[in-house]
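Here the structure of chain A is known, so what remains is to put chain B in place on it, guided by the hints.
Protein chains: 2
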Amino acid sequence: MLIRKAHAADAAAILDIILPTIREGSTYALDNAMADSEAIAYWTSAEKETFVAEDGGLVVGTYYLKANQAGGGQHVCNCGFMTKASATGRGVAKRMCQHALAHAKAQGYKAMQFNFVVSTNDRAIQLWQSMGFEIVGRLPLAFLHPHKGYVDALVMHQQL
Amino acid sequence: MLIRKAHAADAAAILDIILPTIREGSTYALDNAMADSEAIAYWTSAEKETFVAEDGGLVVGTYYLKANQAGGGQHVCNCGFMTKASATGRGVAKRMCQHALAHAKAQGYKAMQFNFVVSTNDRAIQLWQSMGFEIVGRLPLAFLHPHKGYVDALVMHQQL
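Protein chains in written order, with my numbering: chain A, 113 to 272; chain B, 113 to 272.
Extracted from the complex, chain A is given alone in its bound form:
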């Protein structure tokens, strides 16, 4: 698996990954009706570094990394990860997260924080915990899940 910076030419491949997740609306706090153009603009906006994971020449995952806050908070980064539905179970998210942790450290970030991990997203929570993230906050009923109603969201964190 190759993880590399995303280019403009990757837009269609990135949209193939992020749109189903956004439309489904059970893991990210994003407008599930956002236009395709808004979705790609969000995922590749100027303040983010956006990467793709390629397997056998196909883009199977994408992630972004950015400073989580400005000023006195800019030493902590934030990431979002999405894996192509047809590529789940192959460790794509784990490989992207390993890449992100190494890249963030190389960039001088001192910690990585996920601000809003939906508490019903067991697969993600287990993965992040196995990779060293700790739950440092629980936001009560902060997410309206499309099928489960109001559920908590977690703040997860690790020092780099």
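Derived by calculation from the structure, the hints in this document are not laboratory data.
Please note that a few of the clues may not be correct.
Stated by the list, open to error - DSS-like mimics (lysine-lysine), calculated; alpha carbons at most 27 Å apart, straight line:
hint, chain 1, residue 1, chain 2, residue 2
1, B, 117, B, 260
2, A, 260, B, 178
3, B, 117, A, 178
4, B, 160, A, 178
5, A, 222, B, 260
6, B, 178, A, 160
7, A, 117, A, 217
8, A, 260, B, 117
9, A, 260, B, 222
10, A, 160, B, 160
11, A, 178, B, 178
12, A, 222, A, 117
13, B, 260, A, 217
14, A, 160, A, 206
Small disclaimer: the values here were computed from a predicted structure and weren't measured.
Chain B alone, transformed into the frame defined by chain A:
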């Protein structure tokens, strides 16, 4: 004290309040060197409702209220409050927070969350706790304080 929506004509009065706080850099995770124009654009950006507190015809405080997340997270709001340095100790922040809680509830928000309360900001933490906010998260060493080095930041929350 009158709390009302901010107008374009309030820009100078708002800047008189927010610039010293931004420049000092010990309570908000914002670039302390941001231009005046960036500061007012940030505080009054389109996704925010911005208010001012007037006392005797003078603007002594300002706050904004916005959705903290999009999509499944849009029922939780977020606020930022700043009081004019010369007006501290008069309950300006408390009055603005009371106004914000009532306004948020009237707008249909189900909770209010502060994402990044610097842990050395004792005055703010005590005030928010006295007004019903609970600490739901602690972000380890998330803020580089200009005099105290790396300190924690708190996530505070209350249901409405």
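Satisfaction of hint between residue 178/A and residue 117/B, Cα-Cα up to 27 Å:
Between residue 117/B and residue 178/A the Cα gap is close to 33 Å, so the pair fails against 27 Å, i.e. violated.
Holds or violated: residue 160/A to residue 206/A, with C-alpha atoms at most 27 Å apart:
20 Å, holds
Does residue 217/A lie within 27 Å of residue 117/A when you go C-alpha to C-alpha?
The given pair, whose Cα atoms are some 16 Å apart, holds under the 27 Å limit.
For a C-alpha distance cap of 27 Å, please report whether residue 178/B and residue 160/A respect it.
22 Å, holds
Going straight from one Cα to the other, do residue 260/A and residue 117/B come out at no more than 27 Å?
Measuring from Cα to Cα gives roughly 37 Å; hence the hint is violated.
Can the restraint linking residue 160/A and residue 160/B be considered satisfied, given a maximum Cα separation of 27 Å?
Since the Cα atoms of residue 160/A and residue 160/B sit roughly 22 Å apart, the hinted pair holds (cutoff 27 Å).
Within 27 Å, alpha carbon to alpha carbon, are residue 178/A and residue 178/B?
22 Å, holds
Between the alpha carbons of residue 260/A and residue 178/B, is the straight-line distance 27 Å or under?
At roughly 25 Å apart (the allowed maximum being 27 Å), residue 178/B and residue 260/A satisfy the hint.
If you draw a straight line from the CA of residue 117/B to the CA of residue 260/B, is it 27 Å or shorter?
36 Å, violated
Going straight from one Cα to the other, do residue 222/A and residue 117/A come out at no more than 27 Å?
21 Å, holds
Holds or violated: residue 260/B and residue 217/A, Cα atoms, limit 27 Å.
23 Å, holds
Is the hinted pair residue 222/A and residue 260/B satisfied, with a Cα-Cα distance of at most 27 Å?
17 Å, holds
In this structure, the earlier hints numbered 1, 3 and 8 are contradicted, and the remaining ones agree with it.
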